[in-house]
Amino acid sequence: MYDLIVIGGGPAGMAAALEAEKNGVASILILERAEFLGGILRQCIHTGFGMHYFREELTGPEYADRFVVPVEQNPRIEVKLGAMALELRPGGETHTVIAVSKSDGLLELRAKAVVLAMGCRERPRGALNIAGTRPAGIISAGAAQKYVNMDGFLPGNEVVILGSGDIGLIMARRMTFEGAHVKMVCELMPYSSGLTRNIVQCLDDFGIPLKLSCTVVAVHGKERLEGVTIAGVDERLKPIPGTEEEVPCDLLLLSVGLIPENELTRGAGVPIDPATGGAIVNQNRETALPGIFSCGNVLHVHDLVDYVTLESQLAGAGAAEYIRRKNAGETVRAPEYVPTKAGEGVRYVVPQQAEKNEAAGVKLYFRVGGVHKNAVVRLYANGKELARKKRPRLAPGEMEHIEIAPRQLAELPEGAELTVEILE
Amino acid sequence: MSQIYDVAIVGGGVVGALIARELSRFPLRAALLERGNDVAVGTTKANSGIVHAGFDAQPGTWKAKMNVRGNALMPQLCQTLHVPYGQNGSLVVAFDESERPELNRLLERGRENGVPGLRLFSREELLAMEPNVNPGAAAALYAPTGGIVSPFELCVAAAECAAANGVDFFRNFEVQALCWEGDHFIIEAPAGQLHAKAVVNAAGVHADNVARMAGDDSFSIRARRGEYVLLDSSQAGVVRNTIFQCPSPMGKGVLISPTVHGNILIGPSAEDIDEKEDLSTTAPGLAGIQKTVARTVPGYPIRDVITSFTGLRACGNRHDFVLERSAANGNLIHAACMESPGLSSSPAIAERILELVRETLGGDWTEKPGWNPGRPKPVRIRELDNDGRRAAIAKNPAYGKVVCRCETVTEGEIIDAIRAPAGARDIDGVKRRTRAGMGRCQGGFCGARVLEILARELELPREEITKFGGGSKILLRQSK
Amino acid sequence: MTKEIICVACPVGCGMQAEYAEGGSIISLTGNSCNRGLAYAQAELTNPTRMFHSTMRVEGGPLVSVKSAAPVPKARLMDCARATFAVRVRGPVAIGDTLLPNVCGTGVDLIATDRTI
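Residue numbers (this note's numbering), protein chains in the order written: chain A, -9 to 414; chain B, -16 to 463; chain C, 53 to 169.
Excised from the complex, chain A in its bound form (with noise of 0.2 Å):
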């Protein structure tokens, strides 16, 4: 029996152990499914995180390891490695996690709060519909970046990435730097969604070409790819006859976005947002279900691992806090909450409910629609204007947030929606 079972090892649930621990959770565990702890940040062997949370550009494995070795040293923290949840079933008093590992066999296990943190995965090329052939040579970009950063091997020689996400990006340089010829980024929206640097430092440094509005409309080969064909896209995103060209290649990229990997928490009958593929949580990051947190890239896709910590660190002090309250036996009354909703030009809002008595008042984050330049970003709950600010540049690619103040959140009136929207 633990206080607190976080489900997956990477930079989410790593931070939110600690954080956990520094409120006073006395035992910890932490389930990996690989035979490390740090995630996906250890293959991101690129710079450019650490910048918002240390101050620091930091790699991914160094990030990473500001948080390995304080989880390594804590006896309060438990690690089991090649350890992968199956299952989740939630109880009123505690709730019981299933695990298989190597060492350990079947795991039964249980306790009063769980944190969620399994990461996202990569979507694949079916989700594309893109026509051809079957040929081997189209791969993720994530699978590419393990297979040339973690094991030393090259999957092509001439390469096309389709989407410019950042792991497209950084890719196109790894890839140029490990010897492969980068051709082009396609990317469908007539903008990238990766960070401005990434196309200065990973494309125009190396003259590889982003063609914006433009997709792989078929790809060719039999048993290795061959070449793709790519065509503009209008702009409902569809191909526009005429304009195909012929690409010859024998590796083809697909960053073309990420999902929560939400079986788990599905299966424990947490309710998902359809908006951002993740739980529907409160402030602190707790599902709809007592005592089940969730926080990272299983909550909802981030773009920058800092705002992950900040994050995992609202779930890992807010498990403390209901594990303190058990134990307490304090009967907690049923919080009033405030729903909070995407208006005009936003696609989302996490957290997607905000209690109304939170003294620390509540950061939304939320992802735009659409590219904006020189944009505001208002907060308003029943027709009255909460915050707003002003914003240069705002895209899809990159989260945003806008802050309310306690006082005023504790005034809302019964019924109020705290609504963020993007005024142009």
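Honestly, the hints are just simulated from the structure, not real lab data.
A quick note: this is a predicted structure, and the numbers were derived from the prediction, not measured.
The reader is advised that the hints may include incorrect statements.
[Stated by the list, open to error] Label-pair restraints from in silico Cβ distances:
1. A:M(-9) with B:R278: 54 to 62 Å
2. A:E83 with C:G67: 48 to 56 Å
3. C:M53 with A:G197: 22 to 30 Å
[Stated by the list, open to error] Just a sample of chain C residues kept apart from chain B, beta carbon distances all over 12 Å, derived:
4. E56
5. E74
6. N87
7. A91
8. S106
9. A138
10. G157
11. I169
Note that the Cβ used here is the ideal one computed from N, Cα and C, for glycine as well.
Got chain A; can you put chains B and C on it based on the hints?
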């Protein structure tokens, strides 16, 4: 060449593999020859997986006889071989009154073919069973014996059973010539030469080419492309039965069906082609499927598509299966032109071909002692209860190491698939046997791990591991 | 003379406008939100540099990730990349260990960003 096989089967699809299994009951030397790197890589791999009830075929044809018999054999066969099968029932829907006569015609045909339990449903009965079907439908034909099966798992299981019972399996053995030596064939392939007294031609879309190698041009085959889309298991439940539209001259129309693994399958499109290797999918084909299926389930959002694929069906110019000893050489036995309902018929076809082989070879046909009709039940951690999981991991810790997160496939299951008789040699082979890589990330995460396990088990460098044999290498070179 | 420069010093990616004299020295800069932007813009106009990261093989063991201890001239990035191919480093490796001193004569060391223990 020291030995002569009694029988060589050309083609490791579901038909060839089931024939191999049938022959393995007897004390004869048999070989299963496959041009690909694995069994189940042709028509078997990309197939709707429907076990048809048998009301569709013209009475008196091989198709009609084999389908009804195959349908009856399928449940027991799948149980013996531990292959996923479900008798979910089939429905043919008439969307307006003009299609009702077609239902009556199918009902009559079905009764003549001996299909059990056929019934006409009113609109109300149809909607009660399938609430998501077009509420404007006029009526439906219900066939309770319609089923679903995993075609490639059936083929893999049959090949594994055959191999364990002594049939030699040759992969990457592409037959290019058959030379009759008076009492046996010399079978030539780039990979080598084999001698066999009888040859069974189960070469799928290439069976007419194999026939011609022995001077038999009594039939020809065109490949008919069928494109399918497979939806994520989150879409499960939209239909329970396999739902067909009324047939047209180009095939049975677009069907929507659950699969044995809880996905939803929609397809096929149908297009006759001349190139027998064209497995590409096309944008119009996929769009057409999606549009046509809207007639069955209106307003159905085709989302969560996890993959699309193309299958080739071997359509013969005789418009029936060719199950006979060749007129050109009686030691060549055809199991050819296996268009739909080839999969449904395959268990019955294996019986029929056994009879023809007996007739050809003559002699004593006493079953050999100790023949195992099945195979060891594969461990499926995903499907076991917790006690079962505990026991499995206690016996072999590798069942505790999850490799494919989407489908919960463990290292132990992957190793089993590689080490099994006629086992997996490539990424796709592991995928067909274990489902590793078949989930919503389609191997994005576990592909690298499966590749590592294959390299280790096969004692090959990682850059030699392929997706499906030949030049389909995943990694081009070691960079560091 | 003026030039548009996108700052890569941090993930914000400020779009800056630099006015500069012959030889590249900056007269005025707008659009930057911190002093690192100024430093970056000045370097872009005179001697553009970039951080370099890659991997190196530990003898008989795994790959270990590396980075340049300081930015290297942008023009030398591919040279640095090639330099990581042939070398085998002796393990075990700790974060911060110097694995390739003075890479390609740039005066910058390649240091480990991960550990093998």
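Status of each hint after checking the structure:
| no. | hint | verdict |
| --- | --- | --- |
| 1 | A:M(-9) with B:R278: 54 to 62 Å | holds, 56 Å |
| 2 | A:E83 with C:G67: 48 to 56 Å | holds, 55 Å |
| 3 | C:M53 with A:G197: 22 to 30 Å | holds, 23 Å |
| 4 | E56 | holds, 36 Å |
| 5 | E74 | holds, 43 Å |
| 6 | N87 | holds, 38 Å |
| 7 | A91 | holds, 33 Å |
| 8 | S106 | violated, 9 Å |
| 9 | A138 | violated, 9 Å |
| 10 | G157 | holds, 22 Å |
| 11 | I169 | holds, 20 Å |
Of the numbered hints given earlier, the model fails hints 8 and 9; all others are met.
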